[in-house]
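Protein chains: 2
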Amino acid sequence: MALKVALLGCGVVGSQVVRLLNEQSRELAERIGTPLEIGGIAVRRLDRARGTGVDPDLLTTDAMGLVTRDDIDLVVEVIGGIEPARSLILAAIQKGKSVVTANKALLAEDGATIHAAAREAGVDVYYEASVAGAIPLLRPLRDSLAGDRVNRVLGIVNGTTNYILDRMDSLGAGFTESLEEAQALGYAEADPTADVEGFDAAAKAAILARLAFHTPVTAADVHREGITEVSAADIASAKAMGCVVKLLAICQRSDDGSSIGVRVHPVMLPREHPLASVKGAYNAVFVEAESAGQLMFYGAGAGGVPTASAVLGDLVAVARNRLARTFVADGRADAKLPVHPMGETITSYHVALDVADRPGVLAGVAKVFAANGVSIKHVRQEGRGDDAQLVLVSHTAPDAALARTVEQLRNHEDVRAVASVMRVETFDNER
Amino acid sequence: MALKVALLGCGVVGSQVVRLLNEQSRELAERIGTPLEIGGIAVRRLDRARGTGVDPDLLTTDAMGLVTRDDIDLVVEVIGGIEPARSLILAAIQKGKSVVTANKALLAEDGATIHAAAREAGVDVYYEASVAGAIPLLRPLRDSLAGDRVNRVLGIVNGTTNYILDRMDSLGAGFTESLEEAQALGYAEADPTADVEGFDAAAKAAILARLAFHTPVTAADVHREGITEVSAADIASAKAMGCVVKLLAICQRSDDGSSIGVRVHPVMLPREHPLASVKGAYNAVFVEAESAGQLMFYGAGAGGVPTASAVLGDLVAVARNRLARTFVADGRADAKLPVHPMGETITSYHVALDVADRPGVLAGVAKVFAANGVSIKHVRQEGRGDDAQLVLVSHTAPDAALARTVEQLRNHEDVRAVASVMRVETFDNER
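Order-wise, the sequence lines are chains A and B.
So for the first sequence, this note's numbering puts the first residue at 1; every next one is plus one.
So for the second sequence, this note's numbering puts the first residue at 1; every next one is plus one.
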């Protein structure tokens, strides 16, 4: 007896899910133990052209009617956004259907409701495609590291911003022209806000943090800074330090383990770090776990076909669970660690200051750091005379103290301008 | 009611499994839904010092008695080697116990027997720790890519050889001194044969190939060349081409999809490839799948603690399956693709020849390539006079034709010596 799949959405990802379900029906049936059959496809408009292989008789605009139909076993949601996706998924769950979704926004905003409903109903909600596209990442975090303790997750989880920063790094180009190039090539949308302001990465950070720390985290808990302020000067300053600039989603347990910090912002990263070599629109997530040590997962973070591949992997798993009359209770958030504010997060800053080249300037600047309880890790002076620049990297300190230091430097009489400020991420025993 | 675990072996990995089971008992119980309890630990000698936390009352030398005990639910095998591991695992399976093993040698030699017995008995055999230590790799290959089609797997799966090659690359050192340094630092064993001759990597290649292509593959099917012949000249020649030398396990579907090739040998790899930046004793596996595109999994490939982490991840999974009265039928080999011999594998060669610097030499050398049906991709001459070297890279051709070409060049009147021969791995649309 075939398992019937309802598909919500038939756009870039949905049409590829249909194609793969058709093309690989025999292999999928073997791996599951029974065939999968598409029972219906919910779309907004019936008159739109669909990919080949999409049977028009399966199309319907009544998504709610489809997901609650008695003969449907599994629901795949690839419409995105909060509503109507949430209502449809909850209705499907209450009717005992298992769900596969790629919806990062919904899971980041209201994953707790979805997971609780699934546990209650005894069904699966799988969502590998919601973070880092085709990269098998969430299930390894949830399952393979189930016997381990994760301390930090660092992710390049937005391909658009990685493409832009990579162009800025390799060509010395500015943000605006790199964004325009990304838009021309289809790597960035006409309205790039969700990507370049870090909203997309913040939703993924929330999902990663919950999985890594078993703690409820929503997008609102995530400190978020985008890349629109990253300048060619920042990139050049990073290069001079042997670093590269990346937009990272960082989920980190505090040193005493009593709280977590979740944030998205540009970071200077040593060039020899595995994340530094992630080029173009690729994604990668670096995990530091107590026993497993350092792990990295790398691959295509977006695109219809890779995302559909992740959806199919999930579909095989939920179909097998269904046949075995079992399910995986996900959304475990029983550790309930508080999320500390950004100001309490321990970070380290790189600061480049345009200064007058005269004795006493460093002493004055160092005094500002000291007054805020921040110690300086290294300092170097570049140029002479009116072009003199003082480049400082701090030791780690609470982010609020570092931010205050920079604020006071902006108004310092010896400082003509703050040319570049960016957080530096440190590794291993560097801290 | 607790699930009872029998542990076979209490060495580097086993003692860490005990430690983690003790330290994380509460977290593990939560994730599984019931506590895990160590029912017994089989060791060869009772009088040996064990790590703290190993209860002496649990030790026994009667491994067979332990795994067949009625109260044992799950068996963890970390003794390695073919026997007695195989007999113990088969006895446990026949008694209805699920098994977690890190035993690459056994799975590569006789995985078919183990998997068939497990299917028959309706129990799990999980073996994440057998390839690439702590890196969650086998389950993503098996589960997350279940709806995809894998075309090629390239793995750095032996940390010892990667460490040695990395030292040769970064310091210009020779093989022998790099091996000695690796031995002094504990990265290589006193008898390094299994690592440097590629036996360890070949066993892992067999396991990866079966998972990737659903085809029976044993270590005997794997073409194997180690790194003992890799010279400082090869490394320098690779550098001149913008390449790095890595020992790779390569599992590849033929272009027409009708057969597979599985091989372990040194490879020149472009420096910008993600595998090229895998340093020291780290492991990484690069996967090319039809829909998912390029994926890479990176992490610690060995060591007691990382390997124990992988064992615990598996233990959580099999424990949950047991509670749900389900199991995962692994060892699927129904595609039954033939493994083609190395001579039929399509590869590409880098060849550096010491030649006399006089007109006509290139013509003579090119004629040898042409006679074997091999076309030349690029050629450059280095040096003049008696130091003249001709460096050629071929287009792809059957490996036998390339090997024959090199053999004939060795005896060619214009060639004073073949200074370096190595396969070059190509990517994307390069071929």
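Misleading hints may appear alongside valid ones.
Which copy? The list can't say, so a pair holds if one copy fits it or any two copies do.
Subject to a maximum C-alpha distance of 35 Å in a straight line, what follows is the list of computed DSBU-like cross-link-like pairs (lysine-lysine) [said to hold, decoys possible]:
#1 Lys279 <-> Lys239
#2 Lys4 <-> Lys336
#3 Lys4 <-> Lys279
#4 Lys367 <-> Lys279
#5 Lys367 <-> Lys377
#6 Lys239 <-> Lys336
#7 Lys279 <-> Lys377
#8 Lys239 <-> Lys367
No lab work stands behind these hints: they were computed from the structure.
Violated hints, by number in ascending order, as checked against the structure: Numbers 3, 4, 6 - these are the hints that the structure violates, sorted from lowest upward.
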